[in-house]
Structure formats: C-alpha cells, structure tokens
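Participant: Here is what each chain is made of, one letter per residue.
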Amino acid sequence: MTARLLEVADLSILYDGRPVVQDVSFAIAPGEVLALVGESGSGKTTTAMAVLGLLPPNGRIARGAVRLDGTDIARWPERRLAALRGARLSLIPQDPVTSLNPVRSVGAQVAEVLRIHGERDGPGLRARVLELLERVGLEPAALRAGQYPHELSGGMRQRVLIAIAVALRPALIVADEPTSALDVTVQRRILDLLDELRRQDGTAVLLVTHDLGVAADRADRIVVLRDGRIQEAGPVRQVLAAPRSAYARQLLRDAPSLTTHRHRPAASGGDLAVQVRGLVQDFPGRDGAPFRAVDGVGFAVRQGTTHALVGESGSGKTTTARCVAGFLRPTAGEVLVGDTDVTALRGEALRHFRRQVQLVYQNPYASLDPRQTVARIVEEPLLNFEPVAKAERLRRVAAMTERVGLPGELLARHPRALSGGQRQRVAIARALILQPRVLVLDEAVSALDVTVQAQILALLEELQRGLGLTYLFVSHDLAVVRLIADTVTVMLAGRVEEAGPVEQVFQAPRSDYARELIEAIPGRAAPQTLESVP
Amino acid sequence: MGRYLAQRVGQALLVLAATFTLAFLLLQALPGDAVLIKFLELGLTPEQLADIRIAYGADAPLWQQYLHAMGAFLTGNFGYSIRAGVPVTQLLAENLPSTLLLSALAFAAASLLALVLALLATLGGQGWVRALVRSVPSLFIAIPVFWLGIMLIQVFSFQLGWISIISPEPWEELILPVATIAVPISAPLAQVLIRNIDAVLAEPFVTVARAKGASHAWVLRWHVARNALLPVLTMAGVLFGELLGGAVVTEAVFGLNGLGGLTQQAVANQDVAVLQAIVVISAAAFVAINLLVDLLYPVLDPRLARGRRTA
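Chains A and B supply the protein sequences, listed in that same order. Reminder that position 66 of the first sequence reads as 66 in the numbering used here, one-by-one numbering, no gaps. Reminder that position 121 of the second sequence reads as 1121 in the numbering used here, one-by-one numbering, no gaps.
Here chain A stands alone, though its shape is the one from the complex:
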C-alpha cells in the first residue's frame, strides 16, 4: 500500500483508567473500505470514535497516533478537530431513530453541516440540501426536507444521515454499525447506496460491524478485534478463507450468514402440536377504521420441531405469535395447541393454558426483573401454578438452571451481574420450569453476539431433542432461521408470502419477496471455501 489516508498506530485508549483498546494499528488508503469487526466490548466503536476525536468524557487516548494524511490529530484541541469533522471526516451512526434531533426538520439537519462549515443561509443552501436528499433517494426532496424525523421510517432516516455524512465529500466516512437497527432488505439497500456514493466520490470508509457477512460483502480489508486487541488483519478473502487466529475461526464458524452447517437434521416430528387456521387480528386504527395486522395466516407445527415465522418490522409475525401464546384474542380464526382451541379460553382456563405455551423475549435486559435474584426469577412460574413445597421448588430451580448451563453460584445474583447470554439462559430456564409443550421464541437470539448466539442456538437444539419441545421461532434473521428451523412461514404485511420446509424455501423460493429476503442476507460475497472451515 502506497498512499495512506488514515493511519492508526499503536493506539491505546482508557475508560476511567481501564484499558479498552490496546496497541491497535491499521491503515486505510484513499477510497478503501476497512471493516473493524468484533463483538460487543471488543473496542471497535471506541477505536472508530477515537479517529473522530469523539470519545466519551471518561475516555482518553493513552498512547499512539491517529494520522490523517500524515499529521497526527490524536491530541489536537477540540476546535481544530471540529473543523475537520463533517468536512474531512464524517460519521454515519448506528441507530437512525435516535440520531436525528426530533424537534428539527430533516432539511434543517442536512443544512446544518453546510452552515457549520461556512455556507450562508439562502436559496443556494436550500438547493444543495434538496440535491443531497435526492442523491440519497429521498424524494420528493422538497417534501422530505420539511418533514420531521418521526415522520420517516428507519431506512429513510438512515438515508438522511448518509446525506449529512457525504454532504461535504469527506475523505473518510466512519460508519458505526450503520445498518444493525434495520430490516435485512432495507439494510441491503442502504449498504448499496453507501457503496455507490463512496465510489462516486472516492471516499474511504471505516466500517464498524459485528456482522462478518456485512464485512465480507462490503470491505476490502478486515481487522478483527477482541477485548481491545487485534486478533487478525488482512484482505477480506484471505481472512475469510484462511483465518490464522483461533478467534477469527470461531467467529466464522458461529456467523449464521457465513456457515452452511445446519445444527440439526430435518426432523420428521410427531403429531401436530400447533395449528393456526385463518388467523385475523385487527387493532383499532387512528381514523376509526381498524388496522389489520394479521390477515388470514395459517400454519401447522409438528411436535418436537421448530417452525419459524419470518418477516420484517410490521409483518405481523409477533402478533401471530402472541395469538398462539394466548395473549391476544384474535378477531377471527382458530389457534389449536394440542387439542385446545386457545381462542375459546377465558379466565382461569386461559391462565392454566399458559403452562403449556411459554415465551422467551428478545431483550434479555428488559425481560428480567432487575430486583429479583436469578433463583427467584426462575422460581416465580412455580409459585403461580403449583403448590410445591419450598425445598422441592428450589430443587427444581437448581436442576433447570443447571440444565440450561448456568453455574449454580449465579442463582443468588441479580440480572445486572449477568452477561447477555447468561440472561437469555435465565429466561429460557424460567420458560421451561413449568414443562411447557411449546416455546415461543420471539427474536430470542437477535440481541446476542454471534458466538453467544451460536451457544444459545445449540442449547435450544439440545433442549428440544431432550424434552421433545416444539418451538415457534419468530425472527427477522433468515440466516439464523436457516440454521434452526424445520419449517418456515414468510410473512409480509400481515399475510403469508411463502411457506414450506426450510431447505425448499431457501433453495427454491417461489415468491418474489422470499427471494428478495434471501438475497439480502449479507455474506453472499464470501468465498465458497468457507464451507471447509473446521
């Protein structure tokens, strides 16, 4: 590599004196895309923000240099850095929903970056704002400019943020998980847009991502971080095809989008455990007219198998799952769990039905009461349903937590002392303590890092085999669905777009939408040699 736009050399960063990034070095050439890949806590975002000089107040660069065009800017004062930001260096943030000021119009927020760097108010400024909005595909631009962030979808908001980032044609864009919060088809369109714009302008990109599939598709080179240190670095093809470090090999093995290894052979299954027929769910709309969230959905799941409900936000997949669990009374249709029609249950009968179908939610941080101990959380369903003596309860709690792979000493702890994966194990133990027949897993592994995700998926597999459980697996992530599910229903706007055995749907999708979803899975550019990764 000859020309170096950005060179990070031996960078070490402390948070409150605690090292979070240690001796990190890499360089980016003009127009190049470098992916910083790692799990939460790996220091990838911290490294990227240090390049912009935007460390949080408790963060400090202890050692090393950040050279832009050969000049070390790591210790520049705020004023000089501010002149660079927006003009030479820019940022595309992680969460488009919270990254725009809610009380200012979209146009004003795009204009702001131009005004900060000297552009005067006036017709010229407005023309440039509209031009930028058109450039990122927000049309009609005049209408969009006058709208407020809450009036735009997540994907549209990310387009606004991209317009801001490219406005002054910077040399380097720091893209911090730019699509993690978006649906998979939106993610693909946004990444395509970013690719196109940076090619036009010759902009280099520092792409921070937890998703090796995204890195494989979009980057020229990859740097793998763990616990603040570089584990592996090199050209994408080399890192993916022949990883040298054990950690990179593990990441590759666990990344659902890159592996073709299925956790299970397709199960034949037994009797029908769940049957849904003609399910319709209306919600009161704003203008009096009801809003139909689920429209004529039907599927059947055999005992001991996993059925996936797949779709993007607003597809009705979670609503369907909540009907199955008896938390919503459908407007029309039938939900049979075993021989019981859930929709006909009322009062005490419905309460007792909940023993058979239990839920595990997406967010392992919000779904556990922070004031209860792990033992108490897992025990609670027993208190609600079974008059069991205390000693027996504790015995069952201990047995179940051990079954889900939680060390016994965690029983007395509170959720905040646990990692995300441990919390999700607690949620699973709580769901299983009543020995339900069906487990509804609502995005249950979506918030987890890939290696933890792989562990939880393996646990779910093992529990299913051992206990004969039936899973209803709600997910937006097709790559994960391919690994764990036997059958799948693809939903769009409340309707079934496609249904069938997973292999069939993935290899020969009949509907356009299912094909689009499958093609949007990142990692398709990864070399095929991956399959040989041990």
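Not one of these hints is a red herring.
Label pairs and their in silico Cβ distance ranges:
| hint | chain 1 | residue 1 | chain 2 | residue 2 | range |
| --- | --- | --- | --- | --- | --- |
| 1 | A | P284 | B | L1013 | 28 to 34 Å |
| 2 | B | Q1159 | A | W76 | 51 to 57 Å |
| 3 | B | V1155 | A | G122 | 52 to 58 Å |
| 4 | B | L1139 | A | W76 | 39 to 45 Å |
| 5 | A | Q504 | B | G1002 | 55 to 61 Å |
| 6 | A | F327 | B | G1002 | 34 to 40 Å |
| 7 | A | R80 | B | I1166 | 55 to 61 Å |
| 8 | B | E1169 | A | G146 | 51 to 57 Å |
| 9 | B | V1086 | A | G146 | 57 to 63 Å |
Derived list of chain B stretches under chain A, where covered just means 3 residues or more per stretch with a C-beta under 8 Å from a C-beta of chain A:
| hint | stretch |
| --- | --- |
| 10 | 1201-1215 |
| 11 | 1221-1235 |
Simulated from the structure, these hints should not be mistaken for lab results. Beta carbons are placed, not taken as given, at the ideal position from N, Cα and C, and that holds for glycine.
With chain A's structure known, arrange chain B on it following the hints.
Facilitator: Same frame as chain A, now just chain B:
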C-alpha cells in the same frame, strides 16, 4: 384540532365550576360568620344581627344563595366585603396588580436562577464545580419561605444595611420579596433542567451534531436548548401554585399590600365573599396557565403537532 381545543376548554370550564361549588360549600360550612365577627364587638343584640344578615341576603336558603352568587360571578360581580364595606372588585383592583408584579418578577428571577444553575451544573468548568452546584437545588427546596424572608431582611437590611426596609424606593421594596419567592421556585426548575440537559447531551443526535463539526455553543443552541426546555413547560402549572402560595407568605413577612395580605385578613375575619373571589380567581389563573401549556406544546414539539403519525 378544533375538537381537541373544544375538549380542553370544556374541561377547563368544568374544573372552574367545580372549584366554585366546592369553595362555596366549604366557606358556608364554616362555623360563625363575618357579620358576627364585625358587629359583635360593637355590642349589638342578636335581633339587630339578624336584621343585618337579612340585609346581606344571608337568610335565604343555601341553594338560592349559591345560584345567586354563581350568576353574579358570571357577570363579574363578586359581591361585597362585609369587613371593608366595599365591593370585592374594588379590593381586588387595589391588591391584584402589586401581587401580579411581584409574581411576574419572581417567576422571571426564578427562571434565570434555574438556568444559571443548570448551565453551571452541566457545563461549568471543573468536575467539583458541577458537583457542588448540583447540590444547591436540594438546599433551596429545603428552605421555608418565611424563614428565608426573615433571614434576608436580617442580613441585607439590618446587618449590611444595603436595602432599606423603612420607607424604601418602590423598586427597592421588591428586591428581597422577589428573591424570597424565587429561590424555592427555582429549585425544582433547576433540577428538571439539569436532568434534561444531561439526558439530551447523551443523545446520539448530539454525537451526530459534533461529528458535523459543531462547537459546544452550537450544540447547546441548536440541539440541547429546545429539547431540554420543552419538558419544563409542563411544570409551569404546578409552579404557578407555588408562586401564589409563596406570594401570600412573603407579603405577610414583608408587610406588603397585595392578594396575600387581603387573603390573610379575609381568613381572619371570615370575609366569605372575598375568599370566594380569591379562590375562584386563583383557580381561573391556574386553569388558564395549564390550558395554555397544553395548547402551546404541540406548536413547539412537532411530534405532537401532526398527531402520532409515524411513517
């Protein structure tokens, strides 16, 4: 929007009517009355007192008095003060302006004080400065208004001699009362402001603004100010109540003419008509301020302005 407006105004009127009724019933339920207090000391016989009551219309059945008073209030006639022997409107005209001036000045001072405290606590130089300033509002809340008034007079008038309280200039007269009311009211304002500014500064959109190259002052002006001030607006109604309460006590401590002094005398003399008028006027102001806040909020926050629409 038209329906929303009608709904809110309707609610406000309902609150006022309820206040009027409740105040009327409570004041009637009091043992003794103003006639007794005023004329007994003159040594009148019970027969003479009864005649006076008839002259005041106090012998009519309660529901007649109620309807009569309600009708009179609606036409702006608040009745007569038995104690002073003049129309209540005249008493109000004499006392209301000075209380309004005192309250307005106190509110302005409290807002300014809260803003200064909040800025110091969130952006002020060293960490220990911020920590120190953050403890000030809790101290302010803990101080009773009457004690603060007396202490201010002790220190600034008697010991330092900066502010004369014997025959002061009109502007000079107001300095200490304004400070007395403003200090406790500024405390909750400052606390909420500090919390809001902290929260807004931690928002990702502030990071985005800084990544655009914005300076601290720019971020404050264009991103923090409106987002942090908006929720404070909802406190205005509650603080108005405190303002009124503070004014009553403060006027008593400083011997100022105003609604506070009038209230105090009316309570002592059971001057029912005056009390009824004060209660209803205070309630009207309270309701009006809350109505104004409700109507103003959607104008200032675009998320409420166009309904709960999300694309």
